[in-house]
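Keeping their order, the protein sequence lines are chains R and P.
Positions 1 to 413 (this note's numbering) are the ones given, in order, by the first sequence.
Positions 1001 to 1365 (this note's numbering) are the ones given, in order, by the second sequence.
Wrong hints could be hidden among the right ones.
To be verified - DEER-style ranges, computed between Cβ atoms: (1) P/Thr1073 to R/Asp225: 52 to 62 Å; (2) R/Asp246 to P/Pro1182: 40 to 50 Å; (3) R/Asp246 to P/Glu1059: 20 to 30 Å; (4) P/Leu1269 to R/Gly348: 18 to 28 Å; (5) P/Pro1182 to R/Ala262: 44 to 54 Å.
Bear in mind the hints are in silico, worked out from the structure with no lab data behind them.
No residue lacks a Cβ here, since even glycine has one placed at the ideal position from N, Cα and C.
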Amino acid sequence: MNDSENTQNAEKAENSENAEITRSAEHGTADVSGSATPPHERHRPWWHWRRLTGSRPRLAVTTGVAGAVIGALIGGAGVAWQTGTGPFADDRACWGAFSRDDVAALFGGKRDIETSEVPITSDRIGNEGASGECRLRSPRGRRITVQAHRLDNWFGGSGDRWADEFLSARLTPLGGGLLGMASDTRAWLAVPDGCVGRPNPSDVPNGPTVIDLETGWTVYDDEVDTEARDELARAVVKLVNHYMADLGCTGTIADPVGGMPAPPRFLDEKKDAMCGVKGLPLPGAYQREGRGRPLVTRGDGPVRTCDRGVLFGHPGLRLMTVEDPRLAVLYDGLSRAGAKEPVKAGEGDGRGFVRDEMGMFQAECQTGPVTFLVRADDADRPGDIRTLLTRYVAAEADRIGCGPLRLTLPGAG
Amino acid sequence: MKQLMSGARRRTALIGGAVVVLVAAGLGTWATDTWPFDKDTYCWGAWKEDSGPDFLSSEALEEDNASRTSKETAPTPGRQRGRCTVTIHSERVSGGGEKVVEETEVTVAYGPAPEDAAERMEWIGGYLGGRAMPLPDGLPGATDGNHALLVLPKGCDAPGGRPTAVTLDSTARSVYSDSTMPAGAGLGGSQSVARLLVAVANRGMEKAGCAPAQPLEVVSPLTALPEEDESFFTRACRIRGLDLGEEAKELEYQVGAVTRDLQSCSVRLRRGAGRYFDALMVAQPRLSALFDGATGSRAPARGWRGTGVFADDYKVVRADCAGRPLTALMLAPSTRETTPYFAAFANAVARRLGCASVAPGSATR
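This is chain P alone, in the form it adopts within the complex (with noise of 0.2 Å):
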């Protein structure tokens, strides 16, 4: 080589090939998007800047004056309870020239279901009731999109029992100089909202010193929920015994999940206006757990079989229904009388279940 090469060859070349490999490893950094430097991440570090969703992207913050932050506290092996709070603040000038804020902000609560029954109860049926769908692959947990609740396993339990669970939830919205409109958060739809769920319960049991063996996981596609609400109706969710009548003209429904290991029946009133009453059956034996401690030591009222509280914002009520605990749990506001709405909920479903009605009365029709 040295005959061939002179010195000055020698460099150019080498310069040359430097110049080539350079490229090459550019080329598949490119490729491949693996960028050396290191992308943001989220949430004990369970999500990382442009892994998926667009509040994670950093397109998200290119706009003028955007900045994500966040705030948060892990969980502990001698402390199980962490809180993480993604918030995306953007300001930009309208096409009329008026001052826009966006705010977006995602939060990550890990920890026992509130203790307080009534708290919990109104927690429950805000995670796994309305348009709700239960997560695949057995996760004992449910997701709309905008929210999200996994219970985690029983090596996660509290002290005395009670299960920890994660939950998601997100609000954005724009703010004008005069009005505040709702808008999307970004979180990327339920299929998303799993993998994000899933994610952060995965890092959180590991920070508590709870983690399984194997790290749980969303593989199957999520089911999408079957239906919209309907407004045209006399029979709410298709539950006999729910017939509302005249009523039903200032009402809508909507049918949530309806397996086996969950159901949900969501009456409102009209344009908005509120809660009518919000119908939940969980037989999960996980999901069940959430209720333990708060159903009682006897029956609710004469009649009704197991056990359960009827107060003044919900009825509750556990039965066992072909061998696993059934919880029924209506949210109302209490100056409605829906114990037979409640009472018609609870036997229709048990009845579909195939087990003997909870609530007194003709079970049929």
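The following block holds chain R by itself, in its conformation from the complex (with noise of 0.2 Å):
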């Protein structure tokens, strides 16, 4: 891209030479044939408006030259305006969607942020679509990551580090039936089905084109800075607006903001109401203290996440449903791998697996795939995962209305 646009302007400049030379030359021939000439402008350097409007011919040429120049200006004038470059260029950041007022908004004002980034582009074959980078860099360390990419269908992989952080009860769903949430160091949203298409579930299962957004990480838990969260939540939106007009699709995601219920606090359990979920019995080991108290997500939304003893990012104990179908695809690579120790449920109903950390089930729903999933960082207490798993699977599927699930673990004992 830079070196062709090098070499072009390096042609452009060899050619503005030749038009000197040769303008010069026509100067010399005229000087020399110049009798029309009168003697008291021979002292008149050729550029002399005198000499230029000089005859009526060569004021016409002069004219038509003056007006070309004009022309020339004007329509560069109009193309660098268009394009935002040259002196129209606007300092926009990460593919154009942030102004600098958006970048000092997300630095508390602070306008000396370094940016950087990579274009959104697909790979050849767009097997992977579409993917990008933006970073921006405050002097006094912050920093933000901006990333376009496609979630993968193996989210037992390396997806999970993105659903520990992305999808934690830190977040807050932007509402309105987006597929995206925030908190004041991450937020996410996906890039509307309408726009991009919706990858076909019953090829390769993929998962949607999500813009996301890290600063970093906070030691408190539940201490979410709201005005820090309705920035970022307002810079998700504002990237995905962007992306959207530039491949051409019509339709503005409103700002979310308003709709948006406040930060998630630690909840006050009851031990019949685990995570408040009711008829979810606390198991003993995590009545004591020192366990973590849970956090559970707040708002209606693509997923209800309950976490406790988060250490960056990574929860001790999740219980997350995820109920939004483009989200909950993800799930289905590994709702099938976990074969070797299925769970039973009524024919058609879904299927899941259990282990010694997890389990999980990815229910058939009305809505489409919904994953009830139960997952400790340690296999510790394979007991605890599998009542668990049973009790919260009723319960939740009861409450979105995909009830009644009633699973029959394996080799129960």
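Assemble the dimeric complex from its two separately framed chains, guided by the hints.
This is the structure in structure tokens:
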């Protein structure tokens, strides 16, 4: 890209040199044969207005040349204005989505932010989806990384880190049916289906294309700075709107901030309602202090997550319901892979498995696939996982309108 | 200046200046695409030539013998009915030297839902069922990209309270000497259809004298249909009780919208051989109002909650669900006994929305 531009510029430069040479040559001949030039004008340089307008043909040529030059200037300025280059460059960051003010809003009003980016492009055969990255860095150390990527269908693998951090209970759904969430350190939003087209689930299941922002970590699990969260929510909506416009899609996602509930705080859990789920008794081991208090997603959204014992974005125990089919489809692979010890349910209700450290059920609900997940970061309490899985799935399935779901665990004992 | 320029020079300079101004104005016109000469408009002035979708583009008329005509009657304050048809007709000669006629027709209708109950059920099912998805931004309507319906605000209700709706339909076909093939109408997909529909609804309401203070608007993107039709199944639309067993081998299903406001499940004979049944649930209050006066005054059969009608070609029931009327409709040929499927659908949907059963019998499984 840059190479070719440079070559073009070089060519332009050469051309203009040639033009000058030609012009001076003409000027020379004019001087030699120039009987029409009055003697007093010979002292004037060739570009003097009197010499340029001295005769009618000359005046015509001059007017024409001047007109062409002015026209070229207007045209060039127009192009520069339209493409936002030259004196009209707006220093827009992150693929043109953020103005200087937008960037400043993300850094508490500071304007000395360095930006760098990799454009959003698809790989040649398009099987990995579009991806791109943009980094914003303050000289005081704070940085924000923006990524565009398609979520992959093996959430049990590398996708786990994304799910741990971006489906965390610290994040609040953007609401309004949007597939996206935000906290003061993370935000993400899927590009709407109508724009990029929805991946065909009967094909290789693929996730939505999302744009996400991350800003590092905070030590306070349950103290989400609402203002910072709102800024990130606005920013991610701006990014997706800009990307949609680039793709030529119609539709604009409205500012979601007004409709978002307050960020979650640690839950005062009752013994018979773990994570606030009625009918889910809290296992003995989790009743003791020190195993962490639960944080639960607030508001209707793509997921309801209950995290406890979070260390650098990785929960010690997570109970999660993925209600949005566009996201739940990502767990399809995992739900089949764990089939060594499948759990049983009604015919056509779905499939799942239970292991020592995790259990999951991928349900076939009227709305599409729904994922229920119970996962610890160690295999110390397999009994708790088993008890929690059946009761959690039964209670949550009723809540979201996918009930009744009664699971039978393998090798009950 | 007089001293500096002779008359001739001044004239030349003036002409030069005029040329520059004209060139600049032309550039501006070209860049902003605001040619001062009028474009054709259609449907009460709601749609402009070259304003987006292919069927309105001037390129659509660049083929041989192509013409776009429109026929329209606008609603008036005295007559709350209107109709508008845009037709594109073109002729070309195919590679084999055969004459092919392309015909595209887009029709907009403004007025209340059909009076006759059976007709109305078919009409509602046609716009809200199948592959239709709800319009965004809380607009009471739906579209599948070829058809669309929008229920207008209360101020436009017909006397007697029936809501007025604007519908959009399209057909397109290529006529060969020996056959006719369906074709795309060039409406530009659901997003574009939603905008066309809202534009014509706004203009229609102006003409009818019932336009709201703020014109209706589509801002957010439409949700895309989540899934394609499915022919390998026994349980239709993942709804418990719609287990079709052996019969499913000849059938396919299509899940449409599944929201708190609207849900549809369409079961068809394979290879386009027709309808098995179409099930629809409507809970959005304005869409629900389309059923007003056609859901009877008592329970449709013993043990059913709410009011309803079991007629030859349709079954409809309306019952309260979490403070809103939930209407369930099943369209099916009367030759087939579909009451158990209707009961299963109504109960499964009510349960999904957290409401009591509508139909008698076990609510589970």
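Which hints from the list above does the structure break, by number from lowest to highest?
2
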